[in-house]
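Q: Protein sequence lines, in the order shown, are assigned to chains H and U. The number in my numbering is simply the position in the first sequence, starting from 1, with 189 added. The number in my numbering is simply the position in the second sequence, starting from 1, with 1 added.
Bear in mind the hints are in silico, worked out from the structure with no lab data behind them. Idealized CB from N, CA, C, for every residue including glycine. You can take every hint at face value.
To give an idea of the chain H side of the interface with chain U (calculated C-beta under 8 Å), a few residues:
(1) Gln307
(2) Met418
(3) Thr459
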Amino acid sequence: MHDFVQHIINGISLGSIYALIALGYTMVYGILKMINFAHSDVYMIGAFAAYYVARWLGIEAQPGIASLLMLILVSMLACGFLGFLIERFAYRPLRKAPKLNILITAIGVSLFLQYSGQVVFGADPKVFPEVMTDYVLLTFGPVELRSFDLTVLGVSLVAMLCLEFLIKKTKVGRAMRAVSSNALVASMLGVNTDKIIAFTFVVGSSLAGVGSVLVGMKYPKIDPLMGMMIGLKAFVAAVLGGIGNIGGAVLGALIMGLSEEMVVAYLSSTYRDAFAFGILIVILIFKPAGLLGKYSVEKV
Amino acid sequence: MKRLLPILCVLFFLGACTKNTNEIVIGEYDSLTGSDATFGLSSNKGVRMAFDEINDAGGIKGKKISLITLDDQGKNEEAASATTRLITHNKVIAIIGGVASGRSKAAAPIAQAHKVPFVSPSSTNPDVTKAGDYIFRVCFIDPFQGLVMAKFARENLNLKKVAILRDVKNDYSVGLSNVFKREFADRGGQIVADLSYQAGDIDFKAQLTEIRSKSPDGIYIPGYYTEVGLIAQQARQLGIKAPLMGGDGWDSDKLSEIGKQAIDGNYYSNHYTTESADPAVTEFIKKFKAKYNETPDALAALGYDAARILAQAIERAPDLSGKAIRDELAKTKDFPGVTGKITLNENRDAVKSAVIIQVEGKNRKFITTINP
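Next up, chain H with everything else stripped away, as it sits in the complex (with noise of 0.2 Å):
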């Protein structure tokens, strides 16, 4: 039984870091319907822009709550700045072309990032400064919850929060939600289609730098690849979901992080992946939208 808490715990824990990037993910596809597969490399920038910032300030002489939020900021700056580099200059001028000429254009961006990466920053791992001391929150027995856990998930429901607000009750959101739907005729009634995708990009870039600093904070070992397996599991989930849906991703992430753990525990954990993506296509035979894909009248 405690095994068992133990188990929930810590997929919940997981799910939670796959949320971040499913949100990712999710919003663009929402507002333009393509896969940002480089969405993933944009993560590990905003990894390493935290890492130099980081060693540069001398962070790990003073952890705290201070040094976190500022790190974060600073891999959100970064990430966002790359998401509108990467949409002005190699998502734009193909607006017209065909669907899959973007896509393509999409794992080009990635595989771009994630070998400049290794030239750059070099192949091996670096270890991520220790920002926050992690502690235990509360014990029952040999049952632990720890403050890191808490923290990945507050922040994943509380930045799924915020996007939905975005989205749905500032104009900003009803301007992206008029290009999601119709972007010529968007486009017709006065809305620059131009700056709300640049826009869109922007934010879903910058959570991936929020992301990346609690996936660092988590587990102390960055690389240029790092963002590869990662964002496969985080693009599963937003499809599970429903890809569109903000709390789909939200969902979807959580039941991939707990069904990997549970496929551990009660399984194989020699067949972890297979079944965890077996559940997933179970799933979608079921609802081929994604859990909460067909509800929504709106995608967003």
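Fit chain U to the supplied structure of chain H, relying on the hints for placement.
A: Quick look at chain U alone, frame taken from chain H:
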């Protein structure tokens, strides 16, 4: 242009000829980028240092060695194509392979088919040299490392119940785990759990929670340092106090940077120790530090030994044909390497001893030597 072409061809051909007679071209491929690039970079430094020394001393047979290094990006298919390119395009007379066993298995059959001698510095999977009689290695093989750790765990640490956590994507890790499992059980120990992860994972709490429920006396994790550092941290977070044990994949300074205090006090088997008093080792460490400003790890030492064994065989060979070099490589006996006395046996594997190392912060404490 049409009339010029044949002349250009002849010139090019002559150019190629003169180049070939002045120097001996040796090829090397390794992962200079990719997730285990630190291994490849270390090994490459050892190889380069050996050839630079030989060139400074006048080269082999009065000719300078020219080393061509290609990057395999940590991918098996790239290792295969790099090998083909070295042989067909660069016309190398011998190849020094990379670190990872999976990549050596992809590259070795190609070298064998072209009858080009191939020396692997540090691929420990037993199948590597089975590709044919042109394939050699200067390190011990996985069964031996698994056996060494099983012996040490049972006899020196006196452990009874051990759990295994293996990297299921990695031939090396699976090989060590299988042998450890058998040898530990043969010595009266009990394997209470055998779980796996995949290189690139960052969260191991599911496996570790499962292992914790079996309360083992020790955990065998024969993976690479990239994951082992994180595994150690998460194991200690979950309150697992049992010692962790591993193989030479742990051997990197980054291990303790990633694992911090969590990795201290744990054991791994290795090819050599920097604490050795052997003058060959101290001399090597001194020269390496002077050249690269860092302490050589075992992979650098093996790269250095591999390059020197190959150079020595070429020196002894009557001519520069693949067959002649192969025959001399096969005769290597009691070579005084940095990683111990190296004799190549009939399977073209090295027979040598292993050491057990304990992690102590940045230091690597020598515990004991275990002989074949």
